[in-house]
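All chains should be modelled from the sequences, with the hints used to inform the complete structure.
What follows is the residue order along each chain.
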Amino acid sequence: GQQLNQSPQSMFIQEGEDVSMNCTSSSIFNTWLWYKQDPGEGPVLLIALYKAGELTSNGRLTAQFGITRKDSFLNISASIPSDVGIYFCAGQDNFNKFYFGSGTKLNVKP
Amino acid sequence: DTEVTQTPKHLVMGMTNKKSLKCEQHMGHRAMYWYKQKAKKPPELMFVYSYEKLSINESVPSRFSPECPNSSLLNLHLHALQPEDSALYLCASSQDKSGGRDTQYFGPGTRLTVL
Numbered sequence: 001g002q003q004l005n006q007s008p009q010s011m012f013i014q015e016g017e018d019v020s021m022n023c024t025s026s027s028i029f030n031t032w033l034w035y036k037q038d039p040g041e042g043p044v045l046l047i048a049l050y051k052a053g054e055l056t057s058n059g060r061l062t063a064q065f066g067i068t069r070k071d072s073f074l075n076i077s078a079s080i081p082s083d084v085g086i087y088f089c090a091g092q093d094n095f096n097k098f099y100f101g102s103g104t105k106l107n108v109k110p
Numbered sequence: 001d002t003e004v005t006q007t008p009k010h011l012v013m014g015m016t017n018k019k020s021l022k023c024e025q026h027m028g029h030r031a032m033y034w035y036k037q038k039a040k041k042p043p044e045l046m047f048v049y050s051y052e053k054l055s056i057n058e059s060v061p062s063r064f065s066p067e068c069p070n071s072s073l074l075n076l077h078l079h080a081l082q083p084e085d086s087a088l089y090l091c092a093s094s095q096d097k098s099g100g101r102d103t104q105y106f107g108p109g110t111r112l113t114v115l
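Residue numbers (this note's numbering), protein chains in the order written: chain A, 1 to 110; chain B, 1 to 115.
To be clear, the hints were calculated from the coordinates, so they are not data collected in a lab.
Note that the structure is predicted; figures quoted are calculated from it, not measured.
Subject to a maximum C-alpha distance of 25 Å in a straight line, what follows is the list of computed SDA-like cross-link-like pairs (lysine to any residue):
1. A/K105 - A/V19
2. B/K41 - A/G85
3. B/K9 - A/E41
4. A/K105 - A/V44
Printed below as a string of structure tokens:
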């Protein structure tokens, strides 16, 4: 199966700092999605990217679809305590299959 | 509306029980998914239904039996589960656009504990 490498695995930051995480793939994807998951809940979609080079924002979040179609990054600016959670990237191939990164656990110190 | 609902929220069952998990979406999506998620791990794909037909089965043991009664509903029937099957079970749906460029939405999950 396709491998998605997500980094970093975890981050400990101060409130107000900016955060960056990324995913790389061994294969080309047609779609990149970024999710946030709180404990015991389902992943919530943050940003969807459909085109190589696309840069999309959602409030303090910005994500980009890499030009090679094999990578994507997510930036969070001016972090706040409610940003705490696990962030997953997901890529979709030509079929109904989504591949997930291993997750980035974000901790924000007030 | 991007809501996927799942019931029950929590389920505790014995190894000899038979139970079912239910999922519903009213977004007109034609692909529906079951995932299993262990703590601190990413969701792990189990099944995909496309236009109410099973299109992907990721070699899931037969004690898990999916069913898609119509385009809005997805069930997962459970029988003779093992304690290691305890996990968060997530349902998701997407439009099923050809060639990718799809967006997948998740439900809140069912926390399953097998005793």
